[in-house]
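Sequences and hints are given; from them, build the entire structure.
Quick mapping for you: the protein sequence lines, in order, are chains S and Y.
According to this note's numbering, the first sequence holds residues 1 to 474 in order.
According to this note's numbering, the second sequence holds residues 475 to 866 in order.
Derived from the structure by calculation, the hints contain no laboratory data.
Incorrect hints may appear among the rest.
Unchecked claim - Sample of chain S residues facing chain Y (criterion: CB under 10 Å; computed from the structure):
(1) GLU64
(2) HIS67
(3) HIS103
(4) GLY105
(5) ARG119
(6) ALA299
(7) GLY308
Please read these numbers as outputs of a predicted model, since none were measured by experiment.
Beta carbons are placed, not taken as given, at the ideal position from N, Cα and C, and that holds for glycine.
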Amino acid sequence: MSAEGEEKLWETKKYDEVRIYKDEEIWNYTDEELANYKCKHDTPLLDQLEEGPWPSFVSDIKQEALHRHKLPEDKLLIPADVCDDLLGQVELSYVEKETHWKHGGIVGVFGYGGGVIGRYSDQQEKFPGVAHFHTLRVNQPASKFYKTDYLRALCDIWEYRGSGLTNMHGSTGDTVLLGTFTEQLEPVFFDLTHDLGVDLGGSGSNLRTPSCCVGKARCEFACYDTQDICYELTMHYQDELHRPAFPYKFKFKFDGCPNCCVASIARSDMSYIGTWKDDIRIDQEAVRAYVAGELKPNAGAFGGRDWGKFDIQKEVIDLCPAGCMEWDGKELKVNNKECVRCMHCINVMPRALRIGTDTGCSILFGAKAPILEGAQMSMLTIPFIRVEKPYDAIKDIVDKVWDWWMEEGKNRERVGELIQRKGVQEFVTKVLGIPAIPQMAKEPRSNPYVFWSEDEVPGGWQRDINEFRKRHPR
Amino acid sequence: MSLGKLGYYNPEKPLENRITDIGPPHYEQFFPPVIKRNYGKWLYHEILEPGVLVHVSETGEKAYTVRVGGARLMSVQHIREICDIADKYCDGYVRWTTRNCVEFITDSEEKAKALKADLDSRKFPKGSYKFPVGGTGCSITNIVHTQGWIHCHTPATDASGIVKSVHDELFDYFKNMTLPAKLRISLACCLNMCGAVHCSDIAILGVHRKPPMIDDEVLAKICEIPLVVAACPLGAIRPAKTEDGRKTVRVNQERCMFCGNCYTMCAAMPLADSEGDGVAILAGGKISNRKSAPKFSKVIIPYIPNEPPRWPKVCETIRHIVEVYAKDARKYERLGEWAERIGWEKFFEKIGIPFTEKSLDDYRLAYDTYRTTTHFKYTEHVWEVAKAVGGV
Chain S
1 MSAEGEEKLW ETKKYDEVRI YKDEEIWNYT DEELANYKCK HDTPLLDQLE EGPWPSFVSD
61 IKQEALHRHK LPEDKLLIPA DVCDDLLGQV ELSYVEKETH WKHGGIVGVF GYGGGVIGRY
121 SDQQEKFPGV AHFHTLRVNQ PASKFYKTDY LRALCDIWEY RGSGLTNMHG STGDTVLLGT
181 FTEQLEPVFF DLTHDLGVDL GGSGSNLRTP SCCVGKARCE FACYDTQDIC YELTMHYQDE
241 LHRPAFPYKF KFKFDGCPNC CVASIARSDM SYIGTWKDDI RIDQEAVRAY VAGELKPNAG
301 AFGGRDWGKF DIQKEVIDLC PAGCMEWDGK ELKVNNKECV RCMHCINVMP RALRIGTDTG
361 CSILFGAKAP ILEGAQMSML TIPFIRVEKP YDAIKDIVDK VWDWWMEEGK NRERVGELIQ
421 RKGVQEFVTK VLGIPAIPQM AKEPRSNPYV FWSEDEVPGG WQRDINEFRK RHPR
Chain Y
475 MSLGKLGYYN PEKPLENRIT DIGPPHYEQF FPPVIKRNYG KWLYHEILEP GVLVHVSETG
535 EKAYTVRVGG ARLMSVQHIR EICDIADKYC DGYVRWTTRN CVEFITDSEE KAKALKADLD
595 SRKFPKGSYK FPVGGTGCSI TNIVHTQGWI HCHTPATDAS GIVKSVHDEL FDYFKNMTLP
655 AKLRISLACC LNMCGAVHCS DIAILGVHRK PPMIDDEVLA KICEIPLVVA ACPLGAIRPA
715 KTEDGRKTVR VNQERCMFCG NCYTMCAAMP LADSEGDGVA ILAGGKISNR KSAPKFSKVI
775 IPYIPNEPPR WPKVCETIRH IVEVYAKDAR KYERLGEWAE RIGWEKFFEK IGIPFTEKSL
835 DDYRLAYDTY RTTTHFKYTE HVWEVAKAVG GV
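Put into structure tokens, the structure is as follows:
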């Protein structure tokens with residue numbers, strides 16, 4: 001049983017302690033049976049998606065369909081032909097070019113307002129196996145590292161109590177369990193929390209499941225510990241993650257460096273992007289080795305084509321957006337005061353150049369997809385902040401922003417839209433209580449419509465028209 | 475795990491033994507030993523061959539990663555096969571990337587090589603690879619996507635099928651690193667963009683083209699009319715009454731931009747339509763801050779009809795864009811950087827797609843996209859205008 005003190009349950013726990021299926025039940029079909037598997041419904045259009053080199057989701061669903069049919073009846077709690085019926089319904093969509101999933105469906109687990117997406121078929125007579133096809137979002141471990149014991153246990157739960165189909169992973173990062181009946185939602189949730197030590201993720205107007213890049217686990221560019229802060233904030237804000245109290249969704253994403261592998265700048269209301277404030281570390285020997293062709297530039301990323309000899313002037317110095325580098329044939333010089341930390345030179349020569357050692361992150365706000373006011377990217381708001389346990393300074397910022405957004409935000413208004421509606425000046429100076437700085441804008445405003453407040457103007461706004469007329473007759 | 479219909483759950487006492495708010499399992503227990511030992515100590519990395527990376531630590535240890543692409547929709551059987559492979563080569567550890575690739579990490583080059591050979595040998599019965607190795611460096615890695623007709627109630631197109639078709643078409647670009655820079659393709663099956671494709675080199679976006687229908691019979695029963703009215707960003711929805719006195723809404727169809735937000739708010743206003751729906755193609759976005767700032771993707775083709783099961787026009791169009799870009803762009807230039815350098819007029823000319831009025835913005839903040847300089851390049855587009863005004 002998981003819970004407090006058992007966060008690292010799987011350091012010792014084994015799949016065999018909790019498994020539902022025996023090995024012979026799992027691999028209970030032959031290659032030949034699979035090759036000859038005949039789906040319950042004819043699916044001539046989907047069958048065409050079994051061809052071609054890219055992994056076929058249709059072949060995979062058929063594999064699960066066959067497997068289910070060969071399992072004993074008491075080893076499945078939702079219909080054995082859920083996968084067949086899913087293929088049947090999707091085939092119908094391929095013929096008619098319209099979806100057959102009904103709108104919405106309010107289902108969930110007791111006490112939570114998110115984590116389960118209700119879904120019903122509008123063709124329940126034809127495809128009873130997918131009459132209900134609810135999805136559970138399961139909070140992924142940071143950076144999506146898994147032990148196979150854990151994954152196998154998850155597979156058993158989901159085959160026994162659900163469709164056996166998943167998304168690895170959902171767009172926000174959750175491990176997504178795709179399709180089950182209402183009556184199985186609570187039992188799945190109990191198994192997840194009791195045996196796997198994992199909770200549901202976010203959906204609806206909550207904090208959505210935070211996600212992070214691979215970070216210090218396997219990347220030399222990580223400027224802060226993306227996994228740790230992701231885990232810590234996820235745990236700290238469990239209530240906000242499970243119980244909708246916001247105007248709309250809110251996302252945290254943690255990118256360890258400006259390469260932005262988890263797309264935080266495009267996809268999160270509050271983007272954390274690693275950066276540093278000292279100098280790029282240079283190994284001049286290694287720079288010369290790149291120039292001499294002894295080291296592969298770009299870590300070999302361009303290896304599939306002959307781009308000719310590496311030319312440091314053309315490929316690094318001239319492409320630096322800040323123009324802050326020089327190469328005299330022997331030594332590389334970086335004017336770090338002018339550097340904007342774009343990562344290009346470091347990406348090109350990872351063995352010669354390294355991020356600085358005095359690191360932290362930039363915090364940006366407001367990214368979102370187009371609905372409704374148009375797509376937005378996050379705005380650079382806090383250029384540099386240290387990212388140190390227990391992250392109290394960062395939590396303070398989060399709390400201030402949420403208080404304002406929950407007070408002022410309209411239904412389905414993302415924080416980025418609220419910033420636009422109420423004005424970025426209010427957000428910066430009143431909500432965050434920080435000074436406005438040039439780093440926040442691409443350029444100063446070009447319109448002169450400044451909203452001066454009364455106390456900024458000597459004498460205030462209350463004036464006497466008669467006094468005015470004494471000086472300026474009508 | 476629990477057995478039986480209700481398992482550990484007792485519906486009579488729903489709070490009994492309920493565990494809540496425990497969050498995700500702690501990540502550290504899932505780190506392969508080589509990762510745990512070298513956490514935060516990595517010095518540099520190198521791509522040994524497409525799909526195979528080595529990361530070198532200051533301790534001298536090396537972690538070899540083999541990356542495979544695949545469908546985001548996975549059966550438990552497929553995951554179990556991944557587990558078998560991970561048990562055999564990686565001491566029972568495996569990870570997924572942000573773009574839904576699977577990564578197997580080992581501590582020796584021999585194991586990585588054997589692993590790669592094993593992965594490349596596994597196929598589904600109809601011949602598709604189960605675990606194609608690739609997706610590193612200047613390649614096209616996994617296309618991230620949404621649910622489409624597999625699970626969503628608002629899609630204007632499918633997701634898994636169109637993505638599979640585009641991947642088949644571009645398979646060589648996944649297996650090899652021949653492009654001028656990395657190229658990221660994403661698909662969202664409606665404007666809600668749960669896949670947030672708006673900063674991708676190439677984005678495939680499901681679009682509706684017919685205003686919502688109104689199910690007068692049920693609308694007032696299942697929807698909050700003020701919320702529905704407020705849901706329309708263009709103020710095109712107003713409260714109304716049917717002839718027999720039922721409360722409902724009416725849509726000013728001329729004003730509709732087909733965003734579908736009304737349907738999200740109200741099930742009685744469906745938009746989906748086999749002839750109206752299809753995809754738009756956007757290009758030139760990026761997320762990384764490398765060299766130039768992150769960019770939005772731009773609408774370059776406003777509509778291509780849905781052509782299941784293989785969307786040939788979408789596949790052909792994207793292949794063509796990739797090929798022209800691969801040939802014309804300079805080393806390090808992302809697709810959007812290339813288009814900006816040559817000028818978008820040249821982009822349309824080189825790709826050979828028409829620029830229509832639909833690519834001129836007429837929504838909010840449109841002014842930001844108007845060209846307010848005399849800097850332009852001469853392409854056929856210029857002579858079309860010159861002719862139209864009698865200027866040549």
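Hints, one by one, checked against the model:
1. Satisfaction of the interface hint for S:GLU64 is found here, the shortest Cβ-Cβ separation to chain Y being roughly 4 Å, below the 10 Å cut-off.
2. Interface hint at S:HIS67: satisfied, since its Cβ lies 5 Å from the closest Cβ of chain Y, which is below the 10 Å cut-off.
3. The beta carbon of S:HIS103 comes within 4 Å of a beta carbon in chain Y, closer than 10 Å, and the hint placing it at the interface holds.
4. Of the supplied interface hints, the one on S:GLY105 holds, with its beta-carbon coming within about 9 Å of a beta-carbon of chain Y, less than 10 Å.
5. Contact between S:ARG119 and chain Y, as hinted, is supported at the beta carbon level, the nearest pair being about 6 Å apart and thus within 10 Å.
6. Annotation: interface hint on S:ALA299 holds; nearest CB of chain Y at approximately 5 Å, less than 10 Å.
7. Taking 10 Å as the C-beta contact cut-off toward chain Y, the hint placing S:GLY308 at the interface holds, the least distance being around 9 Å.
Checked against the numbered hints given earlier, this structure breaks none of them.
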